[in-house]
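Chains P and F supply the protein sequences, listed in that same order. For the first sequence, position 255 (counting from the first letter as 1) is numbered 254 according to numbering that gives the first Met the number 0, and the numbering increases by one without interruption. For the second sequence, position 108 (counting from the first letter as 1) is numbered 107 according to numbering that gives the first Met the number 0, and the numbering increases by one without interruption.
These aren't lab readings, by the way, just hints derived from the structure by calculation. Hints are all accurate, no fakes.
In silico DSS-like cross-links for lysine-lysine, where the CA-CA straight-line distance does not exceed 27 Å: (1) P:K587 to F:K76; (2) P:K455 to F:K65; (3) P:K500 to F:K244; (4) P:K587 to F:K83; (5) F:K2 to F:K65; (6) P:K455 to F:K2; (7) F:K70 to P:K455; (8) P:K587 to F:K74; (9) F:K65 to F:K76.
A few chain P positions that, by computed beta-carbon distances, are all more than 10 Å from chain F: (10) I17; (11) L42; (12) W49; (13) Y57; (14) T136; (15) V140; (16) G174; (17) A249; (18) R524; (19) A530; (20) P531; (21) N532; (22) P548.
Here are the in silico distance ranges between beta carbons for each label pair: (23) F:I19 to P:I62: 27 to 37 Å; (24) F:F130 to P:I493: 14 to 24 Å; (25) F:L92 to P:F16: 49 to 59 Å; (26) F:V6 to P:K500: 25 to 35 Å; (27) F:K106 to P:I493: 28 to 38 Å.
By construction, the Cβ of each residue, glycine as well, lies at the ideal position given by its N, Cα and C atoms.
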Amino acid sequence: MHDMSTHAVPHGAPTSFIRKHVFSIDHKVIGKQYYALALLAALIGMVLSWIMRLHLGYGSLAIPGLHLLSKNGAPGDVMTPEYYLQLMTMHGTIMVFFVLTTAPFAAFGNFFLPIQTGAEDMPFPHFNMMSFWVTFTAFLVLVASFFTGTGPTLGGWTQYAPLSAIGDVGGPGEGLGVVLWAASIAIFCIGQLLGSLNFITTTLDMRCKGMSLMRLPLTAWAWFITSIMGLTAFAVLMPACLLLILDHVAGTSFFRPSNAVINDQVLPGSGGSTLLWQHLFWFFGHPEVYIAIVPGLGIVSHVLITNMRRPMLSHRVLIYSMGALALLSYMVYGHHMFVSGMNPVSSLAFSFPTLVITIPSTIVVLIWLGSLYGSRLRINSASLFALGFISMFISGGVSGFFLAQPSIDIMLHATYFVVGHFHLVMGVAAMFGIFAGTYFWFPKMTGRMMNETLGKVHFWMSFVGAYCIFMPFHYLGIAGNVRRYQAFTDDYLIPLIPVHKFITIAALFTGFAQLIFVYNLIHSRFWGKVAPNDNPWEGTSLEWSTATPPPHNNFGDKMPVVYHDPYQYSVEGASTDYVMQTSTEQLKNTDEEK
Amino acid sequence: MAKIFAVTIILIAIASAIPIVMHMWPMPQDISTHGYLIDEQYTDTMWEAGLSFLASQFLLAFFIWKFSSPKPGDKIKSFPGGAKGLVIAAFLLVGTECLALGVFGVKAWASVYFTAPSANAMPIQVQAGQFAFYFRYPGPDGTFGPLHPDKISEANANFFGLDTTNDPDSKDDIVTAEMAIPVNREIHLLMHSKDVGHSFYVPELRVQQDFVPGLDVTLHFTATKIGKYEIVCTQLCGLGHYNMKAYLEVMSQEDYDAWIKQQAALQ
Ligand code: HEM
Ligand SMILES: [Cu+2]
Ligand SMILES: [Cu+2]
Numbered sequence: 000m001h002d003m004s005t006h007a008v009p010h011g012a013p014t015s016f017i018r019k020h021v022f023s024i025d026h027k028v029i030g031k032q033y034y035a036l037a038l039l040a041a042l043i044g045m046v047l048s049w050i051m052r053l054h055l056g057y058g059s060l061a062i063p064g065l066h067l068l069s070k071n072g073a074p075g076d077v078m079t080p081e082y083y084l085q086l087m088t089m090h091g092t093i094m095v096f097f098v099l100t101t102a103p104f105a106a107f108g109n110f111f112l113p114i115q116t117g118a119e120d121m122p123f124p125h126f127n128m129m130s131f132w133v134t135f136t137a138f139l140v141l142v143a144s145f146f147t148g149t150g151p152t153l154g155g156w157t158q159y160a161p162l163s164a165i166g167d168v169g170g171p172g173e174g175l176g177v178v179l180w181a182a183s184i185a186i187f188c189i190g191q192l193l194g195s196l197n198f199i200t201t202t203l204d205m206r207c208k209g210m211s212l213m214r215l216p217l218t219a220w221a222w223f224i225t226s227i228m229g230l231t232a233f234a235v236l237m238p239a240c241l242l243l244i245l246d247h248v249a250g251t252s253f254f255r256p257s258n259a260v261i262n263d264q265v266l267p268g269s270g271g272s273t274l275l276w277q278h279l280f281w282f283f284g285h286p287e288v289y290i291a292i293v294p295g296l297g298i299v300s301h302v303l304i305t306n307m308r309r310p311m312l313s314h315r316v317l318i319y320s321m322g323a324l325a326l327l328s329y330m331v332y333g334h335h336m337f338v339s340g341m342n343p344v345s346s347l348a349f350s351f352p353t354l355v356i357t358i359p360s361t362i363v364v365l366i367w368l369g370s371l372y373g374s375r376l377r378i379n380s381a382s383l384f385a386l387g388f389i390s391m392f393i394s395g396g397v398s399g400f401f402l403a404q405p406s407i408d409i410m411l412h413a414t415y416f417v418v419g420h421f422h423l424v425m426g427v428a429a430m431f432g433i434f435a436g437t438y439f440w441f442p443k444m445t446g447r448m449m450n451e452t453l454g455k456v457h458f459w460m461s462f463v464g465a466y467c468i469f470m471p472f473h474y475l476g477i478a479g480n481v482r483r484y485q486a487f488t489d490d491y492l493i494p495l496i497p498v499h500k501f502i503t504i505a506a507l508f509t510g511f512a513q514l515i516f517v518y519n520l521i522h523s524r525f526w527g528k529v530a531p532n533d534n535p536w537e538g539t540s541l542e543w544s545t546a547t548p549p550p551h552n553n554f555g556d557k558m559p560v561v562y563h564d565p566y567q568y569s570v571e572g573a574s575t576d577y578v579m580q581t582s583t584e585q586l587k588n589t590d591e592e593k
Numbered sequence: 000m001a002k003i004f005a006v007t008i009i010l011i012a013i014a015s016a017i018p019i020v021m022h023m024w025p026m027p028q029d030i031s032t033h034g035y036l037i038d039e040q041y042t043d044t045m046w047e048a049g050l051s052f053l054a055s056q057f058l059l060a061f062f063i064w065k066f067s068s069p070k071p072g073d074k075i076k077s078f079p080g081g082a083k084g085l086v087i088a089a090f091l092l093v094g095t096e097c098l099a100l101g102v103f104g105v106k107a108w109a110s111v112y113f114t115a116p117s118a119n120a121m122p123i124q125v126q127a128g129q130f131a132f133y134f135r136y137p138g139p140d141g142t143f144g145p146l147h148p149d150k151i152s153e154a155n156a157n158f159f160g161l162d163t164t165n166d167p168d169s170k171d172d173i174v175t176a177e178m179a180i181p182v183n184r185e186i187h188l189l190m191h192s193k194d195v196g197h198s199f200y201v202p203e204l205r206v207q208q209d210f211v212p213g214l215d216v217t218l219h220f221t222a223t224k225i226g227k228y229e230i231v232c233t234q235l236c237g238l239g240h241y242n243m244k245a246y247l248e249v250m251s252q253e254d255y256d257a258w259i260k261q262q263a264a265l266q
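Let the hints inform the model, and build the full structure from the sequences given.
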């Protein structure tokens, strides 16, 4: 057990506005800043998806005001083919990096990891502050590419070389746009590396008296595992982006092949390889999708346990499964490259771990289902989104069976089947995790409650809407509908256009529901009902034993001491149906973790 | 609320399955000799994944329905078999499923990638470039002349960069914008990219293969059904990506012979 006083970095509460709200070193403020950034990014990403969907469903439809965003990209408010790809690239990049990595991991993790471990703050608070501002800078750099003459890059969030490496001859945005993209991502990586370092050391070194590793809540475990992935994955993406920038500004040839010809001109460059980029990118990219989803697994477990009034069937099995997911995620990345031209034997080698990784995922789902059995389930916005997450995670997971097999991937690779798969399992599921966490923790973060009725309306519209958008994507993919197309002009794709129209309407409907959420969030923040007490959901972990919102050093003058497992609900013989970790009540007949 | 939720989950699960069961938007027909292996693999997977999908969604819905309105005195019950049982079940069910799919899947994959083209397979070269495919047939001598990237000229319609004055092998090469092949004859496709990454996808032929700039990639297949199909690009290659396509005509041997003669005359 660690004694706080030897590790704590004492810092008094700041007094000036700037130190309190802008350049704050308080992990809670930083967590909220990350949340705000994710919210802004999600709104931008969503509006981009609306514009894309309108274009896909209704072709040359003019979208009033679009020319204000780009005169070249949307002359007369009608989108050009290249502008579709540019917006698509920004949509994907913003969603993956600035929403799915920041909200469940950096935002909630920053706010709650130190509290759940019983720490006063993170061990390197200045690094932590830097991590947010570096990430924010990365966001500005990315958004800046909207306002360059040729606009953002059109190469997709995967930014495959050599298209990304040859400069403006490749197409609009392939020069400056790519450089800004790669710079933004490289900066982003620095921010996440700093953050991960803090998360790991907080978990290992800052736990309060009595808080053994196995007594950490599942959320803390999820963030801990995610930060280890972050440390290793972003450390690979950053150099890859730097090499890509060098190809643009220093005349190097990491990703430029020999003898590429565009406009009858042989381009400079020799020996560079697209496969090198793909290996580097996916070595990061696959762990990245787990970075996006593992915090969600933790949040959903945490929210469900509180609302089921019982611990999961096994705490340890869930932790080991998340660990196994993290470990395996490095061995499967080649499943993105089955038909890339790499050695076909490698495809089989990458296919087996991909099939194997479905085992820990299945275990997680079965443990959730088995724990629901015989529980005393409470239905509220938070638990609805947590249960919705399970449904989405299942739906998105089963399509993985298809894509994991190279022979079937021959048919489904680069089709809408893939788009349906990753949106359900990573996009929607992770968003549902964020929503569950928001409805659940909002009182602790702000001292006020969110409106439950609006929360439920938000849930119903999102749940039905998301299925209406993303299930049909699978059918399109099976019929051979290629992705990253701005229009469907091939003979065999034309009959599919009505499906695209349906999806567009569903997307607008679902998007509207998100506006209800934003309204609820902002309204409740300022005018919501004041939280009735420090523990409105009758939870057990440390965040519920401190004040609401928590004081600057998290626990006031008295550091917590932990006596119990994180989830002692419905323990026989206890005075209430929940026993908090800090409770000194003696429990009979339990085999608690040490 | 919980009961409506449970019913909604079940309705969504059933509604999701209907288009699959009814074949509303089916896979394009298969016109290849190896495609049936892929299709069998796909159908097996659909059964296994589809049943897992329905079973777990139903279970989720059922538990939400059953356990969301506990009476005051209700005790927490534990799932029979507990965590251990579920872990074992996951290993057994998913483990065998994975093993089965993985092992059988090798056969389909091997049929495309681990067999060499037969000796009398017909070689055709395909070049992908922003935003068109071009095809080259070796002509009567059966040999492709060498490529000279610096000689590529769209204006002179020298798409491959051939030097017909100095390279004798190139003199009879036939370059086309459309791909025609005889039915039931194995094709050995030699793929290279002129500029960036592209891909060669013919859903009916059950092939998809990326072009790798700087690397020669090959593919072989046999088409079994006369008809006109589309070759589309599936690797994001720039602003015209959506429009990058060519037609594949599978012809009888006689039609093919006439076609190639006609193309040779046009060179
Ligand atoms: C309002 C809900 C959303 C809609 C309607 C939507 C729609 C789309 C569409 C139409 C595409 C382009 C597909 C293509 O042309 O290949 C796309 C791509 C993408 N979306 Fe979404 N999306 C939504 C939410 C999200 C979320 C929450 C994420 C977070 C993971 C996300 C991540 C991506 C990614 C990574 C791509 C790939 C971009 C690329 O191909 O480079 N989307 N989305
Ligand atoms: Cu992956
Ligand atoms: Cu292409």
